[in-house]
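Chemist: Chains as they are written, first to last, in our numbering: chain A, 1 to 320; chain B, 1 to 320; chain C, 1 to 320; chain D, 1 to 320.
Don't read these hints as lab results, they were simulated from the structure.
All C-beta atoms in this analysis are idealised placements derived from N, C-alpha and C, irrespective of residue type, glycine included.
Worth double-checking, as some hints may not be accurate.
Here are the simulated DSSO-like cross-link-like pairs (lysine-lysine), alpha carbons at most 30 Å apart as the crow flies [what the hints assert, rightly or not]: (1) LYS19(C) to LYS38(A); (2) LYS16(D) to LYS38(B); (3) LYS19(D) to LYS38(B); (4) LYS16(C) to LYS38(A).
Heads up, incomplete: computed chain B residues facing chain C, CB under 8 Å, no partners named [what the hints assert, rightly or not]: (5) LEU3; (6) THR4; (7) GLY73.
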Amino acid sequence: MELTYLDAISDALRVALREDERVLLLGEDIGAFGGAFKVTAGLQQEFGVDRVIDTPISEEAIIGGAVGAAIVGMRPVCEMQFADFVACGFDQLVNVAGKLHWRLGLAAPIVVRLPSGGGFAGGPFHSQNPEAWFMHAPGLKVLAPSSAHDAKGLLLAAIADPNPVIFLEHKHLYRRIRGEVPEGFYQTPLCAQTVRDGDDLVVIAYGAMVHAALDAAAEIEEASVRVLDLRSLVPLDERAILDAVHDCAKVVIVDEANYTCAAGAQVASLIAQYGYEDLDGPVVRVATPDVPIPFAPSLERAVLPSAERIRDACRELLAY
Amino acid sequence: MELTYLDAISDALRVALREDERVLLLGEDIGAFGGAFKVTAGLQQEFGVDRVIDTPISEEAIIGGAVGAAIVGMRPVCEMQFADFVACGFDQLVNVAGKLHWRLGLAAPIVVRLPSGGGFAGGPFHSQNPEAWFMHAPGLKVLAPSSAHDAKGLLLAAIADPNPVIFLEHKHLYRRIRGEVPEGFYQTPLCAQTVRDGDDLVVIAYGAMVHAALDAAAEIEEASVRVLDLRSLVPLDERAILDAVHDCAKVVIVDEANYTCAAGAQVASLIAQYGYEDLDGPVVRVATPDVPIPFAPSLERAVLPSAERIRDACRELLAY
Amino acid sequence: MALTRAIEERGLSLYKQGKIPGSFYDGRGQEATAVGATFALGPADPVCPLIRDLGAHVVRGTTATSILAHYLGRADGVSRGRDGNIHFGEAQRGVVGMVSMLPDMMAVAVGMAWAFRLRGEQRCALSFFGDGATSVGDWHEAMNLAGLQRVPAIFVLEHNGYAYSTPSARQFVVDPLERAALYGIAGVAVDGNDAEEVFDATRAARERALAGDGPTLIAATTMRMHGHGAHDDASYVPREQLEHWAARDPLERQRDRLRSLGVDVEAIDESVREEIDVATQEALAMPAPEPASALEGVFCEGEAEPLGLGAAPWSGFAGA
Amino acid sequence: MALTRAIEERGLSLYKQGKIPGSFYDGRGQEATAVGATFALGPADPVCPLIRDLGAHVVRGTTATSILAHYLGRADGVSRGRDGNIHFGEAQRGVVGMVSMLPDMMAVAVGMAWAFRLRGEQRCALSFFGDGATSVGDWHEAMNLAGLQRVPAIFVLEHNGYAYSTPSARQFVVDPLERAALYGIAGVAVDGNDAEEVFDATRAARERALAGDGPTLIAATTMRMHGHGAHDDASYVPREQLEHWAARDPLERQRDRLRSLGVDVEAIDESVREEIDVATQEALAMPAPEPASALEGVFCEGEAEPLGLGAAPWSGFAGA
Ligand SMILES: Cc1ncc(C[n+]2csc(CCOP(=O)(O)OP(=O)(O)O)c2C)c(N)n1
Ligand SMILES: Cc1ncc(C[n+]2csc(CCOP(=O)(O)OP(=O)(O)O)c2C)c(N)n1
Ligand SMILES: [Mg+2]
Ligand SMILES: [Mg+2]
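With the hints as extra help, turn the sequences into a complete structure.
Modeler: Rendered as structure tokens:
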């Protein structure tokens with residue numbers, strides 16, 4: 001069936017709720033209202049108020065409560081109304097959820113869904129990409145699908161995973177992207193995927209930036225540009241990254257997140273250490289500079305990586 | 001005068017309280033008790049309960065309250081009892097303090113002191129190095145002194161700075177390190193410093209790892225190893241880093257923080273992009289792997305970067 | 001108040017015409033609370049308005065033109081295109097623009113008030129917040145700290161019975177007003193749709209604050225007559241409830257009152273209409289911000305300029 | 001209870017001999033609260049002990065040997081050297097080891113209890129916390145959520161009048177017990193130094209919880225007879241206060257009670273002494289953990305194993 005990215009996520013939740021009675025949704029306004037983005041629309045009607053639960057505005061308690069439910073056998077899936085609000089539940093995530101298994105041998109299978117990213121004039125508090133914070137907190141898996149297919153498959157994988165998983169769903173892809181999505185249950189593996197072949201240069205991206213990278217690659221007719229979609233940031237598919245660098249020798253890494261200490265910094269450092277000999281040129285990064293995400297479209301466009309910026313970076317590197 | 005790293009910090013606070021009546025200390029048990037590490041010992045007695053203030057256990061309110069006081073003209077300096085607890089005040093730091101000036105043109109001159117780092121069997125909740133989270137949050141400056149001299153000078157610079165500053169004071173240096181410290185007021189500039197000369201390889205480090213790097217460098221007699229102490233992580237002294245790479249061509253970057261998306265990842269990515277042509281070998285990183293910091297000395301030693309690990313990494317790279 | 005509503009009505013219509021990017025939030029039906037409370041402040045008393053409090057900005061003197069230009073994301077709007085909808089505030093008028101994270105601004109207000117108390121200034125700080133926001137941990141920390149330190153703060157709870165789609169019954173068991181006493185904070189209930197009642201309560205709270213008698217929580221019962229944002233039809237609100245409140249429209253009540261005092265209300269309306277028309281033209285004629293400007297001002301480079309003293313043309317009754 | 005104190009005394013003496021790394025915390029004088037409350041739980045009721053609650057672990061059946069080995073950071077200690085002092089918990093006995101961040105475990109307890117309610121199980125969850133911890137936002141969120149959802153949770157407030165060095169008067173204005181009602185939570189005051197009174201109150205709370213009557217907060221007044229940790233001489237506590245409480249030693253009171261019931265208390269003491277001596281020998285003989293083991297178990301690789309059912313030899317009175 002062809003679904004939007006958003007509907008694919010809803011479908012994953014529906015499938016999980018149907019197939020696993022331990023699954024439970026928690027969040028603000030996710031019940032009758034169906035959530036700020038309508039991802040959970042209809043689910044409370046279908047599964048009842050005991051499985052799709054409206055919580056008070058309490059990010060710490062939502063995440064901590066989910067951990068509690070998880071360690072006695074539930075599979076809670078929490079929605080932050082916007083990814084930005086995860087800063088309000090940060091402590092429970094990094095100090096309780098992330099460290100629990102290592103400390104106590106106790107698994108905390110929770111999923112925290114983060115509607116993230118910019119591109120639609122959301123401004124500084126509704127456009128953030130917080131993934132790097134959690135990549136820097138041991139014990140949390142971090143997933144970031146770019147397609148409807150992977151959105152459903154990775155969310156089902158996240159719910160089945162015995163670990164706490166941060167699930168980044170890009171708001172700007174919600175209704176903009178659609179694609180074939182299998183019915184029923186399936187899982188997408190937590191590894192990278194080549195979404196465009198090529199061997200002169202590889203663009204490494206994830207989430208919405210995969211689409212910008214694909215647009216950029218399509219414009220470059222003079223060379224063959226590969227695009228690698230990371231899909232999972234923790235675990236990070238180091239093998240796939242290094243293989244791509246081995247094949248292409250030139251690499252551009254794209255983050256929608258702020259530049260410093262972003263996922264792309266980690267990918268670049270990995271390549272600089274373990275792919276150094278394969279490189280034929282600098283490891284180029286394209287990212288949002290270290291500023292909050294502006295509201296006005298003219299400003300937002302100026303900071304978020306665009307297909308043009310990626311294309312230009314590729315061209316410059318190809319000419320190296 | 002010769003002071004320990006800890007006493008140098010206390011002295012900076014005393015000087016600031018004396019010279020600037022806008023300065024105010026806030027924190028848990030910092031008053032009569034003098035703080036968990038006695039950094040503020042005697043200050044409440046000297047400056048009164050209205051300038052050295054015991055707060056309830058309320059990290060969000062401490063930081064948010066400090067922002068409030070700052071925007072009406074005070075210079076609050078907050079102590080987190082351990083750096084680890086800054087996760088509980090995370091939202092106020094990244095969303096209120098960090099974005100305030102960019103959004104409203106309103107400066108928030110606060111300092112948040114974070115007794116950070118491991119090495120003394122503090123375990124997972126008393127040993128963390130959270131700096132990378134804040135490097136990835138625009139609008140916050142991040143300082144991490146390695147010597148008594150810089151601890152005082154950078155803290156005085158932080159208090160004078162019109163921006164929110166995260167000040168990492170390494171607990172394991174508190175009483176282990178001492179050095180000449182000028183009396184009275186001075187500021188250390190927010191830039192890197194070469195703390196050991198050399199031109200075969202540069203080790204880039206900050207905080208406690210500077211000392212591990214110096215020990216490692218001292219053991220390597222067969223080559224001349226430079227050590228660059230970053231001192232400031234935001235702003236990051238990119239010029240000094242690239243110059244060092246230019247001079248030495250080989251680089252080892254050390255983090256005590258967890259590997260993924262650490263400060264060192266950013267430094268490595270900077271070098272891989274802008275120092276690529278100067279490189280003669282992979283950009284090598286030494287960091288704590290992505291695990292919580294263990295309590296037992298045998299385990300903690302196994303994860304924190306040691307002089308031996310750094311030395312071995314240098315030797316291997318020198319042989320490249 | 002009429003101006004407030006007119007600005008929001010115009011904003012909403014511009015939004016519906018697709019001229020305003022992002023999303024749009026208004027405070028229809030709650031104007032009396034923001035206006036009445038802000039009116040009672042002195043020009044040196046800072047205010048932290050929330051999402052329903054456009055009126056607070058208007059009372060402080062922020063012009064219709066700069067508000068509309070802000071909505072439109074123009075270079076000369078209050079936030080210079082950096083932020084949108086109700087996220088703004090003119091620091092030079094003593095207005096601290098809100099962050100989205102609820103209710104972070106309370107701690108900031110506590111900090112400002114604290115500074116006033118410590119410096120012995122006859123000033124207070126006021127923060128608005130909604131009923132839903134009282135579930136967040138920050139509310140508790142701020143209330144607790146305010147009560148403990150007996151800071152001259154005024155907390156205005158805008159109790160509209162809903163947090164987005166979630167009715168109060170799913171936010172808390174006991175009304176937040178009753179909780180005030182448990183923090184050592186005076187609690188006062190007012191009709192939030194009666195501007196003069198709100199004004200009187202705020203004036204009394206201000207007097208208490210300046211007399212050193214500590215903070216007050218004013219619970220203003222009101223109703224959000226529109227959805228949470230322009231995208232929300234609020235179909236979850238029973239029609240009778242809206243009808244009940246429509247009959248208590250704060251603007252109509254104030255008009256009646258003014259009429260009975262012999263004021264020519266129609267003339268006011270006319271002048272507001274003109275003002276808005278002119279403002280709309282002016283705002284629409286303003287340019288979008290320069291793309292490169294997005295990168296400026298993450299850090300304060302010069303001296304930290306404290307919050308201004310609120311050169312509001314109308315406020316300051318209490319100070320008179 | 002005698003065993004609890006004996007373990008801590010031995011721990012403290014090992015610490016003073018320099019055999020225990022890091023820092024050391026005990027619950028001297030508060031044993032009755034942890035022991036009495038935990039005794040009243042059924043084996044399927046999970047418990048979240050805090051810093052003063054060694055007794056809770058002991059009641060659940062964690063052995064003196066494994067606790068001492070834990071203190072010593074040995075491979076066969078409860079946390080296998082990963083964590084130290086009171087940071088541990090045997091998941092297979094239904095004990096959730098605390099994190100340092102106060103009072104994060106409350107939300108976890110709420111989540112567990114919530115799951116029990118949703119699944120219709122006759123179980124409850126218990127979390128301990130101190131008076132100081134009630135200032136933290138997480139306390140409010142957890143209390144609010146618990147009251148709203150009427151979860152079968154028991155909150156045991158260990159009211160010892162101090163948070164580290166900070167007396168209650170600088171933590172809150174109104175006693176937290178009074179706050180319970182404001183969350184729709186039953187509040188009960190008990191003498192925290194009377195194990196049987198604590199037991200009775202907990203048993204009643206458990207019955208209420210299982211009957212669907214919601215959570216209870218038990219405020220146990222007690223006194224921390226040692227410093228916050230072994231490094232703290234608690235000179236901030238007035239001597240008379242300590243004398244007052246010394247006369248109310250919970251262990252002595254229980255001994256008297258047992259004596260009057262004809263129990264041979266000296267025989268118990270003797271057996272405890274023997275047990276501790278043996279345990280100390282065993283623990284000291286255990287090896288330090290293998291360095292490489294630190295890296296294992298950050299993620300759960302197999303099936304998520306929920307919390308065990310608490311094969312405690314003594315607990316479960318309430319279930320009997
Ligand atoms: C910490 C946090 N979580 C979630 C949100 C998303 N959110 C925005 S407004 C809102 C409802 C607020 O309700 P209330 O405080 O009653 O204010 P009202 O809109 O009724 O004026 C929510 C949940 C937020 N702003 N902050
Ligand atoms: C969020 C947080 N901030 C700071 C600390 C540091 N800290 C550890 S124990 C303590 C005092 C706790 O007091 P209380 O809750 O009364 O427990 P008690 O030690 O008296 O049993 C503090 C401040 C912490 N553990 N968590
Ligand atoms: Mg509301
Ligand atoms: Mg206490």
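Chemist: Next step is simple, just say for each hint if it's right about the structure.
Modeler: Results of checking the hints against the structure:
Taking the CA atoms of LYS19(C) and LYS38(A), the gap is near 24 Å; set against the 30 Å cutoff, the hint holds. For a cut-off of 30 Å, the pair hint linking LYS16(D) to LYS38(B) stands: about 21 Å separates their Cα positions. At roughly 24 Å between alpha-carbon atoms, LYS19(D) and LYS38(B) fall within 30 Å of each other, so this suggested pair holds. Simply put, LYS16(C) and LYS38(A) have alpha-carbon atoms about 21 Å apart, close enough for the 30 Å limit, and the pair holds.
Interface hint status for LEU3(B): violated, as the beta-carbon distance to the closest one in chain C is roughly 29 Å, over 8 Å. About 31 Å separates the beta-carbon of THR4(B) from the nearest beta-carbon of chain C, more than 8 Å, and the hint is not met. Against a cut-off of 8 Å between C-beta atoms, the interface hint on GLY73(B) holds, since the closest Cβ of chain C lies about 4 Å away.
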